[in-house]
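Chains A and B are the protein sequences, given in the same order. For what it's worth, the UniProt record's numbering labels the leading residue of the first sequence as 1, then goes sequentially. For what it's worth, the UniProt record's numbering labels the leading residue of the second sequence as 1, then goes sequentially.
Worth double-checking, as some hints may not be accurate.
Identical chains blur together in the list; that is why a pair holds if it fits in one copy or across any two.
Stated by the list, open to error - Capping the alpha-carbon separation at 25 Å, the derived lysine-lysine pairs in DSS-like fashion look like this:
1. K351 with K509
2. K643 with K92
3. K356 with K258
4. K344 with K506
5. K595 with K533
6. K24 with K643
Read the hints as simulated data drawn from the structure, not as lab findings. The structure displayed is predicted, hence computed values, not measured ones.
Here is how the chains run, residue by residue.
Number of protein chains: 2
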Amino acid sequence: MTNSEKSNQMANAIRFLSAEAVEKANSGHPGLPMGAADIATVLFTRFLKFDPKAPHWPDRDRFVLSAGHGSMLLYSLLYLTGYEDMTIEEIKNFRQLGSRTAGHPEYGHASGIETTTGPLGQGLANSVGMALSERIMNAHFGDDLVNHYTYVIAGDGCLMEGISQEAIALAGHLKLNKLIVFWDDNHISIDGPVSLSDNTDQCARVEASGWNSQRVDGHDQDAIAAAIETAHKSDKPTLIACKTTIGFGAPTKAGTNKVHGSPLGAEELAGARKALGWTSEPFVVPADILDAWRSAGQRSAGDHAAWTQRLEAKDINTRSEFVRRIRGDLPGNFEEAIIAYKKKLSEDKPKVATRKASEMALEVINGVLAETIGGSADLTGSNNTKTSQTQNITPEDYGQRYVHYGIREHGMAAAMNGMALHGGLIPYSGTFLTFSDYARGAMRLTSLMGIRVIYVMTHDSIGLGEDGPTHQPVEHLAALRAIPNNYVFRPADVVETAECWELALKSRKTPSTIALTRQNLPTVRAEHTDENKCAYGAYELAAASGKAEVTIFATGSEVEIALNARTQLEANGHPASVVSVPCFELFEQQSEEYKRALIGDAPVKVAVEAAIRLGWDRFIGLDGIFIGMTGFGASGPIEALYKHFGITADAIVAAAEGKLK
Amino acid sequence: MTNSEKSNQMANAIRFLSAEAVEKANSGHPGLPMGAADIATVLFTRFLKFDPKAPHWPDRDRFVLSAGHGSMLLYSLLYLTGYEDMTIEEIKNFRQLGSRTAGHPEYGHASGIETTTGPLGQGLANSVGMALSERIMNAHFGDDLVNHYTYVIAGDGCLMEGISQEAIALAGHLKLNKLIVFWDDNHISIDGPVSLSDNTDQCARVEASGWNSQRVDGHDQDAIAAAIETAHKSDKPTLIACKTTIGFGAPTKAGTNKVHGSPLGAEELAGARKALGWTSEPFVVPADILDAWRSAGQRSAGDHAAWTQRLEAKDINTRSEFVRRIRGDLPGNFEEAIIAYKKKLSEDKPKVATRKASEMALEVINGVLAETIGGSADLTGSNNTKTSQTQNITPEDYGQRYVHYGIREHGMAAAMNGMALHGGLIPYSGTFLTFSDYARGAMRLTSLMGIRVIYVMTHDSIGLGEDGPTHQPVEHLAALRAIPNNYVFRPADVVETAECWELALKSRKTPSTIALTRQNLPTVRAEHTDENKCAYGAYELAAASGKAEVTIFATGSEVEIALNARTQLEANGHPASVVSVPCFELFEQQSEEYKRALIGDAPVKVAVEAAIRLGWDRFIGLDGIFIGMTGFGASGPIEALYKHFGITADAIVAAAEGKLK
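Produce the complete structure using the sequences and hints provided.
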């Protein structure tokens, strides 16, 4: 067998493992793995720096299958190159409950899955965050420790999604020349020919955004290799348009949408075997081909060993800092810094917007942590995400800590996912809470993957005033609380803001969204505690003077209103308590006893939040009083709006006393 | 005064009305109106076909201020050209509660506001839907009745957003050559120079997507006019890059981000007056300039009259059909067609997926209504949105009724908004329910504007099976129900699907999302009623044999499971009823008596939905039993998933009987 014949058969191993797994599952997508097998073979056998025996080696090249429906391509590669947890049994259990081989690649299900993909465009946008992280970490730690490529296989669907154009423009702007994207240019989408819906010149489009592009025959392995070599010399990110045939080898369905998302069927599969000269049993890879793949999987073992030696040769400080950051541990002095800062706040009692409080907290945090990377979708001065430690990351200076993401909320969120996945960095970035809608596709994946990304969402209610209903979130707190595994924080003052930041940074498997006000709020936590009270999710902020007749639950800017209402109620002879609820999700994690006691048995329960009621019944019951929004907001000065929508201490008192009668 | 001096002063009228209104409100965005005043003056005084005395004239050119933060540009234009409801008092009340002049243009607040803008990129994407509608309506009714342009002013922010790239690629594909976009190319975004985050060659990028582009000096009115004339001859959509100075005229702040979103301040405003030779009092436009504007506002009165004559000269059928469609009335035979169809369904009792049921309903609907325009984000065969009446709309044949939107959910949703706003058409289109996340930015605006757009969201739960958690919505029903003014329908069978479609089509001010299954469901409405039971939002589907011990509330695919549980409970001697809840929002609109009676007083209340609990307490109370999801789904065959997550009749029975003990 010539080398060329062998590498063709190596690609065929991917094709048939994939097609057979789909056939057995009677579900899945054979078209992409069969079409992109040559690209993947060239990449994994000649270029990719990786070590299946050490899947988490920090300096590995990253490979992202953005077209996640082609998951069997990735699973085949992981099996063939020798990842120990990707057995042939897993391949046979493709798409079965509990297998590592889910319908789409799920981060955490198997080693070598760098990110969860499937929702189109996300992987490509993740890869921009990964490639940026590589440059940042390289600037922080040098070529010895961080120097790798990020490779992506993307489909037409990825490129049509708006998120990818946001990510591409950002990557071009940042000149991320170690990012190389293979476009599986097969001219087919689910509905039929791509020309049904698109005539874009994708190469010209990425070039307009500061990329290089090349076009190759996606079934000519040497041409693909030459393109990669050229891309390695590029001073810009590169798109390699690989003209491929979807379902390559399938005798009647190749090159059509029939092979995209359904099993080939026995007859077509047999025809493909014949056409490609593949004679072994299903799920059996001939020994020589498997050996070749396994030895390709060991190609970088020497590189890995040399890298380990370089790490060990570093001074203890560099080494321990690198290891700490890759592990994602916070520095030992973090907690005490937060406590000292909180103490000062309780003494100073500043009256500031919580967005400002967030900036103040970040000033402390960014002084202690070197790994936080801030940013904003062009609302830096509004989101208050920039501190004295964070200067702009530019192509000339990747060693800084602030990203101007541009007006690209979705791309920003997905890039942050990529940064968190890469390791060594903790990304946080901001936009207005209402524009979480734009980022939601990526935010859901942050939660699904369970990674540490912190969304700083300011202007969190009608309290933003005149910008009006397009900019005023009313349903967003509820909609974000609806996402599983997502901490939604809404702090009430400077102290709670610091506590919420501490919790967000310590939370390694659950991402956080911090909702912050535009308007100033008084310090309500005037007595210092070392303890982080927000960790309870909800806690009694002000006790009733006697047995509580009224308990008021509130978050964020409405805590001040609740406290004012409490004062009035107490003056009117109605003992009343106030519970601050900075995080529903953390509250649910408390003991049943704690939860029951906190909700208490006051005859009147009131919830106050300048948003819709959804979710609040859990605190106040179905017959509780809710003071908040019932629809969209309006444009006007803040005082006029709170009065117009009846979110006032007077309204609380009137409603509560009405019920007490 | 020369013509040129006069037109400069006409532009200055926009500049000072805008800057003064922002100054008085002490809030707003003077930069864009001052920068884009020349573009707007040329467009409104020399090209735009419109009639301020008849703002709804169907054949008017559409003008969309995609950069909605520059709202004062639009309000100034409406006042100057003589829209009767845009008085100088309204200008003075800019951004005050109850004024027509909200912080961002709000559709419905004043005549001449064609769409709500502010969230960036939306207006540009709306305009693609408008321009497409113009071509479709032109194909249906001819040049005599429909023949107009769509003009847009977009900023850097609009172009950076992914949604705009989706819309631009779609417009290029469809060769919408009557769409002309002015890019206010002022090199400034909120954070500072655009170069902080972007280096895209926007002209090259749109050309890659099938547009023409031109570059002009945005303060040279004749050059702008020449560019528009060239664009009128284009066979493609056109981007006119207008190099402008943000805050043109402001002596120290022009050309910087300081003028973007804050009042100029008294000194700077005085300096601008001096620089531009503007001497009249605040909010006073010199009589000759106002006259010139008002006469520009009457430029198209003759065109309008001629158009009216052409309409009146049409045969009665054409005329009444055109008028009906523009009014948005449904044809008289619609309701009886639905009733006849429902009757047949209750007799035939087909067992089909509700996505298939939706296709069957659409086959009836599209046969009766000529104005429905279907589509999908490249999931036509999965969303079942195409019927025998709907063939592909192409640049060669705009007279058809189906849009292959491509893999562009956000652009699709915004384009549908544009179609609904244009008038004459009812857009519906599909994707998977989980990808409503991608479209949410536009879906929120559908609800805020209160327009008739119908989202067909299939694969609505873990019931989609093997594609796994990325594709399985669990929080999306709750998250969509959270949006104000949004009907979220989840029908249980063919009959309910037909009823939900009827309600969606009849709902003119509240948009609809119809969540539909991949899996087959039996017909549960086996007895025909002329009455649309889904109109109640929730209704008793199966009564208890005696006084109900258990009431089970369910939606969609879980209604079958609820009915099976009821059968078991009844067999075990526990009278049980089943309530189908196809639409929470319609239920809330019923009388208190109806709601109380329906929820009833069974000692055990159970809700079943293959999604999270959020929102269900309203039916079952805090101590009710919820059978559904508590986190993300998993990849596996449907039967395995329902069993794994415990969403079965057995689980309902066990939980209910456990509570009855």
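Structure-based check of all given hints:
For the homomeric pair K351 and K509, neither the shortest alpha-carbon distance inside one copy (33 Å) nor that between copies (42 Å) is at most 25 Å. Proximity of K643 to K92 under the C-alpha cut-off of 25 Å is restricted to the inter-copy arrangement: shortest distance 22 Å between copies versus 63 Å within a copy. Taking identical chains as interchangeable, the C-alpha atoms of K356 and K258 lie at most 25 Å apart only when they sit on different chains, with a minimum of 20 Å there against 55 Å within one chain. With identical chains, the CA atoms of K344 and K506 are at most 25 Å apart within one copy only, with a shortest distance of 22 Å there and 60 Å across copies.
With identical chains, the CA atoms of K595 and K533 are at most 25 Å apart within one copy only, with a shortest distance of 14 Å there and 40 Å across copies. With identical chains, the CA atoms of K24 and K643 are at most 25 Å apart between copies only, with a shortest distance of 22 Å across copies and 63 Å within one.
Taken one by one, the earlier hints fail for this structure only at number 1.
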